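Asker: The listed protein sequences correspond, in order, to chains A and B. The UniProt record's numbering applies: residue 1 is where the first sequence begins, and numbers increase by one. The UniProt record's numbering applies: residue 1 is where the second sequence begins, and numbers increase by one.
Simulated from the structure, these hints should not be mistaken for laboratory data. Computed from a predicted structure; not experimentally measured. Heads up, the beta-carbon is just placed ideally off N, CA and C, and yes, glycines get one too. Mixed in with the good hints there might be a few duds.
[To be verified] Cβ-Cβ distance ranges computed for the label pairs, FRET-style:
(1) A:R55 to B:A12: 36 to 42 Å
(2) A:I54 to B:R62: 32 to 38 Å
(3) A:K168 to B:Y37: 27 to 33 Å
(4) B:D13 to A:R55: 42 to 48 Å
(5) B:L17 to A:A83: 29 to 35 Å
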Amino acid sequence: MLILRLWNYFRGYVIIDIEGLNLERFINSCIENNIYLWNIKRLSYTKIEAHVGIRGFKALRRLSRKTGCRVSIATKFGYPFWAHRLKKRKMLIAGAFFSLIVVIVASSFIYSVDVVGNEKVDEESLRSALVRMGLKPGSNRYAVDLREIENQILIEFNELAWVGIELKGIYAKVEVVEKYIQERVIDKNNPCNVVAKKNGVIDQVIAKNGDSVVKEGDIVVAGDLLISGVVSRENMDPTFLHAYGEVLARTYYEKVITRELTIIKKEKTGEKSTVTRIGIGKLKLSFGDSEVPFGNYILEKNMKRPTIWRNIRLPVEIIKEEYFEAMDIEEKLDIEVVKEEIHQEAIDYLMGEIPEEAEILNTFIDFKEVGDQIQGKFTIEVLEDIALQEKIDNRED
Amino acid sequence: MKKTEAIKKNIADALELPQDILLDLPKITLVGNLQLYVENHKGILEYSSTRIRIFTKSGILRIIGKSLLLKSIVVEEIIIVGEISGFEFLD
Numbered sequence: 001m002l003i004l005r006l007w008n009y010f011r012g013y014v015i016i017d018i019e020g021l022n023l024e025r026f027i028n029s030c031i032e033n034n035i036y037l038w039n040i041k042r043l044s045y046t047k048i049e050a051h052v053g054i055r056g057f058k059a060l061r062r063l064s065r066k067t068g069c070r071v072s073i074a075t076k077f078g079y080p081f082w083a084h085r086l087k088k089r090k091m092l093i094a095g096a097f098f099s100l101i102v103v104i105v106a107s108s109f110i111y112s113v114d115v116v117g118n119e120k121v122d123e124e125s126l127r128s129a130l131v132r133m134g135l136k137p138g139s140n141r142y143a144v145d146l147r148e149i150e151n152q153i154l155i156e157f158n159e160l161a162w163v164g165i166e167l168k169g170i171y172a173k174v175e176v177v178e179k180y181i182q183e184r185v186i187d188k189n190n191p192c193n194v195v196a197k198k199n200g201v202i203d204q205v206i207a208k209n210g211d212s213v214v215k216e217g218d219i220v221v222a223g224d225l226l227i228s229g230v231v232s233r234e235n236m237d238p239t240f241l242h243a244y245g246e247v248l249a250r251t252y253y254e255k256v257i258t259r260e261l262t263i264i265k266k267e268k269t270g271e272k273s274t275v276t277r278i279g280i281g282k283l284k285l286s287f288g289d290s291e292v293p294f295g296n297y298i299l300e301k302n303m304k305r306p307t308i309w310r311n312i313r314l315p316v317e318i319i320k321e322e323y324f325e326a327m328d329i330e331e332k333l334d335i336e337v338v339k340e341e342i343h344q345e346a347i348d349y350l351m352g353e354i355p356e357e358a359e360i361l362n363t364f365i366d367f368k369e370v371g372d373q374i375q376g377k378f379t380i381e382v383l384e385d386i387a388l389q390e391k392i393d394n395r396e397d
Numbered sequence: 001m002k003k004t005e006a007i008k009k010n011i012a013d014a015l016e017l018p019q020d021i022l023l024d025l026p027k028i029t030l031v032g033n034l035q036l037y038v039e040n041h042k043g044i045l046e047y048s049s050t051r052i053r054i055f056t057k058s059g060i061l062r063i064i065g066k067s068l069l070l071k072s073i074v075v076e077e078i079i080i081v082g083e084i085s086g087f088e089f090l091d
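Work out the full structure, taking the sequences as your base and the hints as a guide.
Answerer: Structure below.
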């Protein structure tokens with residue numbers, strides 16, 4: 001019956017009290033005159049309560065005079081009464097209208113700009129470029145041409161492959177995708193040298209084109225010439241070649257890790273003091289005594305941000321700081337355990353450094369105890385290709 | 001009057017027409033003990049929260065119950081809600 005109720009609400013109805021002696025006769029004459037009464041309730045011997053529509057009520061008054069019953073309104077319900085009351089309060093309507101306008105206008109501005117997806121391109125330069133093009137906090141969302149800005153950004157930043165700007169309410173999200181820059185490969189027709197990529201000891205040189213200038217056992221540093229693209233023979237002018245080949249060399253990856261053998265642990269004594277603060281932006285207000293009564297303590301911070309709806313949060317933080325009184329306790333660590341930890345850490349680090357195709361030849365581990373510290377030195381010797389092609393610049397032709 | 005009634009009844013029987021329409025009899029529907037629909041009534045005679053009397057073609061219909069309420073009342077139908085304990089026809 002929700003439909004009926006809604007209908008009644010929009011038509012408007014009143015709850016009336018009818019007083020009289022022959023109320024049944026009154027109800028009957030209502031039926032005859034097509035006045036719809038509903039929810040009729042007996043209140044007392046001479047009084048009933050009933051619901052009646054606005055139009056029905058007007059007809060009812062004429063009827064009540066005839067039957068000698070007294071009709072009085074108990075409550076008015078529905079939209080017409082409400083609208084009537086509202087008509088008298090013009091300022092209220094004006095205020096509601098005004099606040100609606102304010103909300104609409106306020107939500108047409110961009111409040112924050114987010115840049116995501118950039119790794120190599122500097123965020124600041126991207127942002128300043130966006131500001132120059134008109135996309136900044138405070139600009140009107142209808143005034144900025146997003147597609148145009150996207151194109152301009154693409155033109156300005158060569159490193160970007162794609163730019164997408166999306167407006168989510170008052171937030172602008174600028175998503176960028178960077179170009180994947182391939183390693184420079186020199187064209188086959190261009191003459192070049194092969195130089196060393198890293199420091200190492202030459203193990204094997206396979207010169208497929210060009211003259212090898214190093215031999216097994218030579219120590220080279222990064223940038224040293226390995227295979228020359230300038231070939232000169234007797235009775236001939238030097239010719240320039242596109243030198244290439246593989247140069248296998250032993251290279252060394254090293255990592256030194258130092259650790260303390262005794263650590264100072266803080267242990268709670270059980271004493272506690274709590275400070276509550278309210279933070280609005282950078283401003284922080286503290287309540288009660290904010291002095292910490294302990295010299296040595298452990299601080300546990302607890303931040304809460306009241307959420308309004310989904311992830312819209314109030315800019316107010318409630319910070320609860322709990323200070324626990326603490327005592328220092330020195331603890332000796334087990335040397336073997338520390339060694340194991342260092343080892344694992346070093347291996348993890350070095351494995352990230354070594355190229356995948358390299359072949360591991362040897363691993364050297366050296367532990368040294370210096371006073372209260374332990375120092376672990378890890379060296380991994382690998383065999384890898386250190387050849388790198390480099391253009392010959394000083395060509396004289 | 002009695003004769004026309006009898007003829008009407010015979011026609012209704014022969015043609016299997018619903019008698020409440022042809023003979024203008026009340027049709028009473030009871031939903032549990034909560035709601036009572038009376039169609040084809042001839043007016044209300046008494047109404048209080050424990051007793052309601054309605055005039056119909058088959059006599060006076062008396063409904064007894066507790067906290068009775070006239071949910072809706074129009075020319076052809078009365079809806080009574082409340083705790084209905086019984087109803088009967090009186091002459």
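Asker: Compare the structure with each hint and give your call.
Answerer: Taking the hints in turn, this is what the structure says about them:
Judged by the Cβ atoms, the range 36 to 42 Å given for R55 (chain A) and A12 (chain B) holds: they are separated by roughly 39 Å. The hinted window of 32 to 38 Å between I54 (chain A) and R62 (chain B) holds, with their beta carbons roughly 34 Å apart. The beta-carbon spacing between K168 (chain A) and Y37 (chain B), approximately 55 Å, falls outside the hinted interval of 27 to 33 Å. A C-beta distance of roughly 44 Å is found between D13 (chain B) and R55 (chain A), which places it inside the suggested range of 42 to 48 Å.
A hinted range of 29 to 35 Å is violated for the C-beta pair L17 (chain B) and A83 (chain A), which are about 50 Å apart.
Hint compliance for this structure: hints 3, 5 are not met, and every other hint is.
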